[in-house]
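K.L.:
Input sequences plus hints: build the corresponding full structure.
Letter by letter, the chains look like this.
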Amino acid sequence: MSVEALVTQLKGGLDAPICLTWELTYACNLQCVHCLSSSGKRDPRELTTAEAKQVLDELRDLQVFYINIGGGEPMVRRDFFELLEYSISQGIGVKFSTNGAFIDFDKAQRLAAMDYLDIQISLDGTDAVTNDAVRGEGSYDMARRAMDNLQAAGFGPFKISVVVTHHNVDQLDEFKALADSYGAQLRVTRLRPSGRGADSWHDLHPTNAQQRQIYNWLLAHGGHDSERPVLTGDSFFHLNALGEEPLPGLNMCGAGRVVCLIDPIGDVYACPFVIHDEFKAGSVRDDGGFAKVWKESELFLELREPQSAGACSSCGSYDACQGGCMAAKFFTGLPLDGPDPECVNGFGEQLLEGVQLASNPKPSMDHTKPVRVTPVSVTLGTTRKPVAVS
Amino acid sequence: MLDAALELHPQVALRPEPFGALAYHYGNRRLVFLKHVDMVRVAQDLANHPSLQATLEACQIAPARWPSFAKAFESLQTSEVVRVR
Numbered sequence: 001m002s003v004e005a006l007v008t009q010l011k012g013g014l015d016a017p018i019c020l021t022w023e024l025t026y027a028c029n030l031q032c033v034h035c036l037s038s039s040g041k042r043d044p045r046e047l048t049t050a051e052a053k054q055v056l057d058e059l060r061d062l063q064v065f066y067i068n069i070g071g072g073e074p075m076v077r078r079d080f081f082e083l084l085e086y087s088i089s090q091g092i093g094v095k096f097s098t099n100g101a102f103i104d105f106d107k108a109q110r111l112a113a114m115d116y117l118d119i120q121i122s123l124d125g126t127d128a129v130t131n132d133a134v135r136g137e138g139s140y141d142m143a144r145r146a147m148d149n150l151q152a153a154g155f156g157p158f159k160i161s162v163v164v165t166h167h168n169v170d171q172l173d174e175f176k177a178l179a180d181s182y183g184a185q186l187r188v189t190r191l192r193p194s195g196r197g198a199d200s201w202h203d204l205h206p207t208n209a210q211q212r213q214i215y216n217w218l219l220a221h222g223g224h225d226s227e228r229p230v231l232t233g234d235s236f237f238h239l240n241a242l243g244e245e246p247l248p249g250l251n252m253c254g255a256g257r258v259v260c261l262i263d264p265i266g267d268v269y270a271c272p273f274v275i276h277d278e279f280k281a282g283s284v285r286d287d288g289g290f291a292k293v294w295k296e297s298e299l300f301l302e303l304r305e306p307q308s309a310g311a312c313s314s315c316g317s318y319d320a321c322q323g324g325c326m327a328a329k330f331f332t333g334l335p336l337d338g339p340d341p342e343c344v345n346g347f348g349e350q351l352l353e354g355v356q357l358a359s360n361p362k363p364s365m366d367h368t369k370p371v372r373v374t375p376v377s378v379t380l381g382t383t384r385k386p387v388a389v390s
Numbered sequence: 001m002l003d004a005a006l007e008l009h010p011q012v013a014l015r016p017e018p019f020g021a022l023a024y025h026y027g028n029r030r031l032v033f034l035k036h037v038d039m040v041r042v043a044q045d046l047a048n049h050p051s052l053q054a055t056l057e058a059c060q061i062a063p064a065r066w067p068s069f070a071k072a073f074e075s076l077q078t079s080e081v082v083r084v085r
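These protein sequence lines map, in sequence, to chains C and X. All letters in the first sequence, in the order written, are residues 1 to 390 by this note's numbering. All letters in the second sequence, in the order written, are residues 1 to 85 by this note's numbering.
None of these hints come from the bench; they were simulated from the model. Check the hints yourself; a few may be wrong.
[Stated by the list, open to error] The calculated label-pair distances, taken between Cβ atoms and stated as ranges, are: (1) X:Leu2 / C:Ala113: 37 to 45 angstroms; (2) X:Pro63 / C:Ala152: 52 to 60 angstroms; (3) X:Lys71 / C:Asp104: 45 to 53 angstroms; (4) C:Asp148 / X:Asn28: 49 to 57 angstroms; (5) C:Gln109 / X:Arg65: 50 to 58 angstroms.
Heads up, the beta-carbon is just placed ideally off N, CA and C, and yes, glycines get one too.
P.N.:
So this is what it looks like as structure tokens:
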């Protein structure tokens, strides 16, 4: 079977997700301006430890090989290690994303002793000024401390996870060098206008020239022939319209087909970037649990049907870019069967001009903490490095 | 390759899917697609026969398809989904 035939199969959906993201909590010590889940405050309806273990039992029965845990900051949960150990004991490997605040040397040692565990430390700049403008004051040092502790504890190759923005795109080589210095693997993903990102996207997203820069850089560093290829979570497939050579990966939107999200209160969404009622398929708390939502929900069944290229059908690039990302279109107010807002041929940009910002869909939930009136919070965004012109 | 005595790697789990199966290696954490249901049948039966060819015969795979199976299992050996026992 060719790759194309396999992708066609995958678009029709799998019996269980390959890549399941589970945001364990909306609580977070940080308030990143691009947070996909608008995290900050804990939601009182959060799944209990017993409920979470029940979900893990179900995932084991479905033979989900590993889960991606995120948040919020997942390590905020008191039962974090208990759930981690339980998942691994059930044969479900764990990859978790963290800002590193709670990885002191003791925790690093505890994590290093566990099998089937990957850790992703989020970092959005190779210097504190660039990083902290997005992730908040002190977050650069916090992440670097966690990396130092993991290295000292002998954890092995952890991952450094970067959201590529207008402001850090020129640092890709430096990110790679930083990862190499730790023996770590670099992961770069696309900025989405989801969650609080809906408000910061216009300021943070890469320009069209920068998108070409990203494409070329990934072609040079993403291949499996390199020792530690740069990972992308398949998030840049819209850039494939830039050249003949596709980026490494399946290059398809997996939402509801091979991917989905369980949020902290057990709601199941098509992907981690669409926490909105429109893309909610059900809840793990419903009768039949997660399996029934995955196999039978109307939304997921619809996503597994062949999708219309709509306004993009006359464009020669559609086979390469697949019309881009559903979440990016939705939260910028563009029709789902048309170009991505970052369409490399500029068709999305043209459409965006006609969109009334105020009418864009807003996230259905917002767990952002109320703004504290202290000098610290008002410095956010004003410390940004001057934009490099390339 | 057809003479090799193979088995599924003990750290590999197979999950049946409509197109064949997903194979996940808990050691190197690689996810591999087995793109045909016959591949899955053969992979699961490897340890019961003295060679890949004997397994293909037992699974009633037409000899014309053996070269492509040999090639596929060679690549599965590289990704450590199967190994020589």
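K.L.:
Between X:Leu2 and C:Ala113, does the beta-carbon spacing fit 37 to 45 angstroms?
P.N.:
holds, 43 angstroms
K.L.:
Quick check: does the Cβ-Cβ distance between X:Pro63 and C:Ala152 fall within 52 to 60 angstroms?
P.N.:
holds, 58 angstroms
K.L.:
Regarding C:Asp148 and X:Asn28, is the given constraint of 49 to 57 angstroms on their beta-carbon distance met?
P.N.:
violated, 27 angstroms
K.L.:
Between the beta carbons of X:Lys71 and C:Asp104, is the distance compatible with 45 to 53 angstroms?
P.N.:
Because 50 angstroms falls inside the window, the suggested range holds.
K.L.:
Quick check on a hinted range of 50 to 58 angstroms for C:Gln109 and X:Arg65, using CB atoms only.
P.N.:
holds, 52 angstroms
Hint 4 alone, counting from the list given before, is not met by this structure.
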